[in-house]
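Trainee: Here's the letter readout for the chains.
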Amino acid sequence: DAGVIQSPRHEVTEMGQEVTLRCKPISGHDYLFWYRQTMMRGLELLIYFNNNVPIDDSGMPEDRFSAKMPNASFSTLKIQPSEPRDSAVYFCASSQAPADAYNEQFFGPGTRLTVL
Amino acid sequence: AQKITQTQPGMFVQEKEAVTLDCTYDTSDPSYGLFWYKQPSSGEMIFLIYQGSYDQQNATEGRYSLNFQKARKSANLVISASQLGDSAMYFCAMRGKTGANNLFFGTGTRLTVIP
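Quick note, the sequences are listed as chains U and E, same order.
Each residue of the first sequence is one higher than the one before, counting from 1 in the working numbering.
Each residue of the second sequence is one higher than the one before, counting from 1 in the working numbering.
Quick caveat, the hints were computed from the structure, so don't treat them as lab data.
Hints are not guaranteed to be accurate.
Claimed, not checked - Which chain E residues face chain U? A few, computed with CB under 10 angstroms, are given here:
{"hint": "1", "residue": "PHE12"}
{"hint": "2", "residue": "GLN14"}
{"hint": "3", "residue": "TYR25"}
{"hint": "4", "residue": "GLU44"}
{"hint": "5", "residue": "THR60"}
{"hint": "6", "residue": "TYR64"}
{"hint": "7", "residue": "PHE68"}
{"hint": "8", "residue": "ALA93"}
{"hint": "9", "residue": "GLY96"}
{"hint": "10", "residue": "ASN102"}
{"hint": "11", "residue": "LEU103"}
{"hint": "12", "residue": "PHE104"}
Backbone N, C-alpha and C fix where the C-beta goes; we use that ideal spot for every residue, glycine too.
One chain only, chain U, in its complex shape (with noise of 0.2 angstroms):
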């Protein structure tokens, strides 16, 4: 398996423009997360999805990030307008079904994401 798969993996735009980070799971994984990784806050999960429906999107920052799972294998998570506070790596991680409390989370290369 090629692992989570996630592009860009570098992104450099300016304030205002939109941005759309992709993902895709690896095959047979139910759930999908996408964190984000700053110096200033550490890792944050946004959101996360259960076969293809949100299921916590408590942390995702305010209304210009939105998140999509059209399909088992593919996730967006979109910013319009972007700021430079949204400057950060992105990550997407999926895992399967948990036993129990076990659940490791297998996590893509992440995005590094410039706000200019």
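The hints should help you fit chain E onto chain U, whose structure is shown.
Mentor: Just chain E now, kept in the frame of chain U:
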């Protein structure tokens, strides 16, 4: 609410020596899981080891072991025989409340292995 605390921003260890990275957690959930991830300078997150709250024995994976002290709510990572390639950020994480599947991460510890 769940909380993960890593009190060591940075640690140094001599090559071939063992090192312990601290992690304490707080949860009211009787069932939980604790994870350690490694993040090298290249940026990817690599799963290292898992400990379930009901596991009777401390988890081990190769050179990694977890010193799990449930009463003290600590889950320290022990790396034995450190190698230069172990230099990285290390994150402790806890699975969310029962029925949820997200992870809460600590702030991380930067480990530097000295030759």
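Trainee: Take the hints in turn and mark each one as holding or not.
Mentor: Do the hints match the structure? See the list:
1. PHE12: 21 angstroms, violated
2. GLN14: 28 angstroms, violated
3. TYR25: Where the cut-off is 10 angstroms and the nearest Cβ of chain U is about 13 angstroms from TYR25(E), the hint is violated.
4. GLU44: Constraint on GLU44(E) satisfied, holds at 5 angstroms.
5. THR60: Status violated, d = 15 angstroms.
6. TYR64: Where the cut-off is 10 angstroms and the nearest Cβ of chain U is about 14 angstroms from TYR64(E), the hint is violated.
7. PHE68: Since chain U brings no Cβ nearer than about 13 angstroms to PHE68(E), farther than 10 angstroms, the hint is violated.
8. ALA93: 8 angstroms, holds
9. GLY96: 8 angstroms, holds
10. ASN102: ASN102(E) check passes; min Cβ-Cβ to chain U is 5 angstroms, inside 10 angstroms.
11. LEU103: Where the cut-off is 10 angstroms and the nearest Cβ of chain U is about 6 angstroms from LEU103(E), the hint holds.
12. PHE104: Result: holds, 8 angstroms to nearest chain U Cβ.
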